[in-house]
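**Q** Chains A and B supply the protein sequences, listed in that same order. So that you can map any letter, position 43 of the first sequence is 43 in this note's numbering, and since no number is skipped, the others follow by simple counting. So that you can map any letter, position 17 of the second sequence is 17 in this note's numbering, and since no number is skipped, the others follow by simple counting.
Take these hints with a grain of salt, some might be off.
[Claimed, not checked] Below, computed lysine-lysine pairings styled on DSSO-like, alpha-carbon distance capped at 30 Å:
| # | chain 1 | residue 1 | chain 2 | residue 2 |
| --- | --- | --- | --- | --- |
| 1 | A | Lys24 | B | Lys42 |
| 2 | A | Lys78 | B | Lys67 |
| 3 | A | Lys78 | B | Lys42 |
| 4 | B | Lys2 | B | Lys42 |
Please keep in mind that the hints were generated in silico from the structure rather than gathered at the bench.
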Amino acid sequence: DAGVIQSPRHEVTEMGQEVTLRCKPISGHDYLFWYRQTMMRGLELLIYFNNNVPIDDSGMPEDRFSAKMPNASFSTLKIQPSEPRDSAVYFCASSPAGLSYEQYFGPGTRLTVT
Amino acid sequence: QKEVEQNSGPLSVPEGAIASLNCTYSDRGSQSFFWYRQYSGKSPELIMSIYSNGDKEDGRFTAQLNKASQYVSLLIRDSQPSDSATYLCAVAGYSTLTFGKGTMLLVSP
């Protein structure tokens, strides 16, 4: 099994630009999660999907952030416009059974906004 | 605001010793508890889950849960330098999942 796949692994962009992060969950996992990790705030759950439907987006920091899951094998997290304070590592994770069960994390995307 | 608190460390132990990592949480309705290990520059990896009061052992790892005290701990026996990492405590309720900021563990040879 390939595990959770994320792209790109690194992204450097200028303030004001649109950023799109991509994730492919493990096949057969019905739940997909997006996280952001910074030194100051730790690992924060941004949004999660069940069967491609967003269940809870209360962790999304602002309207500049949006996430979609058009099918079971692909999800995107978009930031538009990006700001320097969005610089962080963004992880995608998937799970066969939800919040209360084991999650498998992707390698992460390190985003730097200058 | 549901909170999960961990001492940031670093916790330094010699090789072969027992490392004890602690976590407290604020939500009494929490149902599931996890310990993830994260090596520097890598993604979190689940090492233990616990759902009921008491101890759960898996190899060199023991998770302990005390819901009355809202306290979760992780014991690592016979610590190895390869255990050096940040350990994240995660607590799940019915519709929430909150991670602590992690405790850095350093195991010296």
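**Q** Against this structure, judge whether each hint is valid.
**A** How the hints compare with the structure:
Straight-line distance between C-alpha atoms of lysine 24/A and lysine 42/B comes to about 18 Å, which keeps the hinted pair within the 30 Å bound. Between the alpha carbons of lysine 78/A and lysine 67/B the distance comes to roughly 38 Å, so the proposed pair goes past 30 Å and is violated. In summary, the hint linking lysine 78/A to lysine 42/B is supported, as the alpha carbons are separated by about 22 Å, within the 30 Å threshold. Annotation: proposed proximity of lysine 2/B to lysine 42/B holds, straight-line Cα distance about 26 Å (limit 30 Å).
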